[in-house]
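Assemble the complex: chain V is given as a structure, and chain F with the ligands must be docked to it using the hints.
The listed protein sequences correspond, in order, to chains V and F. Quick note: the first sequence uses this note's numbering, first residue 22, plus one each step. Quick note: the second sequence uses this note's numbering, first residue 31, plus one each step.
Hints listed in this document are in silico derivations from the structure and should not be mistaken for laboratory results. Each statement offered as a hint is correct.
Quick list of simulated restraints, FRET-style, between CB atoms: (1) Ser137(V) x Val103(F): 23 to 33 Å; (2) Ile113(V) x Ala202(F): 48 to 58 Å; (3) Ala133(V) x Gly102(F): 24 to 34 Å; (4) Pro104(F) x Arg158(V): 15 to 25 Å; (5) Arg267(F) x Gly141(V): 28 to 38 Å; (6) Gly247(F) x Trp84(V): 42 to 52 Å; (7) Arg153(V) x Asp261(F): 41 to 51 Å; (8) Trp84(V) x Arg94(F): 45 to 55 Å; (9) Pro43(F) x Val226(V): 57 to 67 Å; (10) Gly247(F) x Arg153(V): 30 to 40 Å; (11) Pro104(F) x Ala104(V): 46 to 56 Å; (12) Leu151(F) x Gly141(V): 21 to 31 Å; (13) Arg35(F) x Trp72(V): 30 to 40 Å.
Remember, predicted model here, so these are calculated numbers, not experimental data. Yeah, the Cβ is synthetic: ideal placement off N, Cα and C, and Gly gets one too.
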Amino acid sequence: MMDERKLQILQDSLLPLLQAGLAYTLPLALLSFVLGLLLAVATALVRISSWYIPQQIARFYVWVIRGTPLLVQLFIIFYGLPAAGVVLDPFIAALIGFTLSVGAYSSEIVRAAILSIPKGQWEAAYSLGMTRSQALRRIVLPQAARVSVPPLSNSFISLIKDTSLAAGITYVEMFRTAQQITAVTYEPLLLYSEAAAVYLLFCSVLSVLQHLLERRFDRYSAA
Amino acid sequence: MIEVRDLHKSFGPLAVLKGINLSLAHGKVLVIIGPSGSGKTTLLRCLNLLEIPDTGSLGIGGQRVEFAAGGGVPAKAVRALRLKTGMVFQSFHLFPHMTALQNVMEGPVTVQKRSRTEAALLGRELLGKVGLAGKEDAYPHQLSGGQQQRVAIARAMATSPEVLLFDEPTSALDPELVGEVLKVIRQLAAEGMTMVIVTHEMKFAADVADQLVLMDGGVILEQGPPEQVFDHSAHPRVRQFLNRLGGEE
Ligand SMILES: Nc1ncnc2c1ncn2[C@@H]1O[C@H](COP(=O)(O)OP(=O)(O)OP(=O)(O)O)[C@@H](O)[C@H]1O
Ligand SMILES: [Mg+2]
Numbered sequence: 022m023m024d025e026r027k028l029q030i031l032q033d034s035l036l037p038l039l040q041a042g043l044a045y046t047l048p049l050a051l052l053s054f055v056l057g058l059l060l061a062v063a064t065a066l067v068r069i070s071s072w073y074i075p076q077q078i079a080r081f082y083v084w085v086i087r088g089t090p091l092l093v094q095l096f097i098i099f100y101g102l103p104a105a106g107v108v109l110d111p112f113i114a115a116l117i118g119f120t121l122s123v124g125a126y127s128s129e130i131v132r133a134a135i136l137s138i139p140k141g142q143w144e145a146a147y148s149l150g151m152t153r154s155q156a157l158r159r160i161v162l163p164q165a166a167r168v169s170v171p172p173l174s175n176s177f178i179s180l181i182k183d184t185s186l187a188a189g190i191t192y193v194e195m196f197r198t199a200q201q202i203t204a205v206t207y208e209p210l211l212l213y214s215e216a217a218a219v220y221l222l223f224c225s226v227l228s229v230l231q232h233l234l235e236r237r238f239d240r241y242s243a244a
Numbered sequence: 031m032i033e034v035r036d037l038h039k040s041f042g043p044l045a046v047l048k049g050i051n052l053s054l055a056h057g058k059v060l061v062i063i064g065p066s067g068s069g070k071t072t073l074l075r076c077l078n079l080l081e082i083p084d085t086g087s088l089g090i091g092g093q094r095v096e097f098a099a100g101g102g103v104p105a106k107a108v109r110a111l112r113l114k115t116g117m118v119f120q121s122f123h124l125f126p127h128m129t130a131l132q133n134v135m136e137g138p139v140t141v142q143k144r145s146r147t148e149a150a151l152l153g154r155e156l157l158g159k160v161g162l163a164g165k166e167d168a169y170p171h172q173l174s175g176g177q178q179q180r181v182a183i184a185r186a187m188a189t190s191p192e193v194l195l196f197d198e199p200t201s202a203l204d205p206e207l208v209g210e211v212l213k214v215i216r217q218l219a220a221e222g223m224t225m226v227i228v229t230h231e232m233k234f235a236a237d238v239a240d241q242l243v244l245m246d247g248g249v250i251l252e253q254g255p256p257e258q259v260f261d262h263s264a265h266p267r268v269r270q271f272l273n274r275l276g277g278e279e
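For reference, chain V alone in the conformation it holds in the complex (with noise of 0.2 Å):
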């Protein structure tokens, strides 16, 4: 069934595979983990504020990204803007659409994270005087951290796996590059197979990584 020559080909391309992995896949998830975080944290403390005009700002740009398709929104940033004069490095446009596609998604998960955290909390922090922003930031948001740490777990894990789309705006990633060797030995089940598995070697590496971290938080609470 697997004769040599497919051998030599899965060998052969396990390399460029897991090298367009670590240079190209990786770097481009952990950018737009880190940046959409920023974001996210930022939509979240402004949907949770008084402020009347931020806060419908930040309510649009979440439902219009959870709204609309990861794919259609890359080609709209890639193919669309150049009619508009903005024309983008395939890079830089996946890193503006999945920073964008992080930080809609996650400050749901931020925002719920937040309200989670008892009002004694914040009373507690008033009461030793306190302002809100040092209520948040010493008080608040560490515990709910803590309590994001899975979700947000997830949320990296679906990226790692989503960059994949970026194949779709000329993006050498892990996946174009299973394409393109696909291209020159017509062996697309066995390369796409391959690629399949280098991601979920990526994955359960972050799963071990999750699961670590969680139980580094899990010193202060009990259980």
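Relative to chain V, chain F with the ligands alone:
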């Protein structure tokens, strides 16, 4: 020290405080008793502006705030007044992500911008005072309820407030842990700490109070030295409340 004049507070259509007048001298202990729903917690929360009264005025340690319907209170004035008070809650509200010592240091470091070294020194001293030397590095969930409440008392004292406010500090505790918390409060009273305490512990109230206030339906029915309120009040509602308490014991 504390001067409350004609304080009113409503939640929507529900009038909870209907003209409260109080004054308390430096170093004295005021104990508030009264049936459930009479407005004790609301009054205490008004004293450090966790609730903003509708009308009336409040003065604590030379800091005065006047309340008027529709007029807000500047955030700065609110914080200035809160720094004069320390609050101990019924269910502790310790910060779960911080150790006992970090809980006590939080006010001095974050609010008063004191150095960490200085705050740690003060924190250790206060934890020692409430009988928790050696528990500095424990997280709240590793402590019993009585220990948590004593950390909360140390935390409230750390910013050197002029008045400590207690809202039923032992109600959430198992009966065998009540004593250790009351002991700390008694000790503070003996040292001349100014305190306002809401409690259902009548014997403790009679012992520790310089002034006893009996609330009912958002007004003060009776106030004075505990002997006077307990033994000589002629007010029928007072007799009724005290009799009911007596019957429970
Ligand atoms: N935030 C709020 N919103 C609406 N109603 C409130 C609020 N806080 C208190 N109340 C109402 O005000 C009344 C007085 O409440 P408060 O908590 O001050 O009573 P209390 O004397 O402390 O009672 P207890 O002995 O049960 O603690 C109650 O009827 C309560 O339901
Ligand atoms: Mg109460």
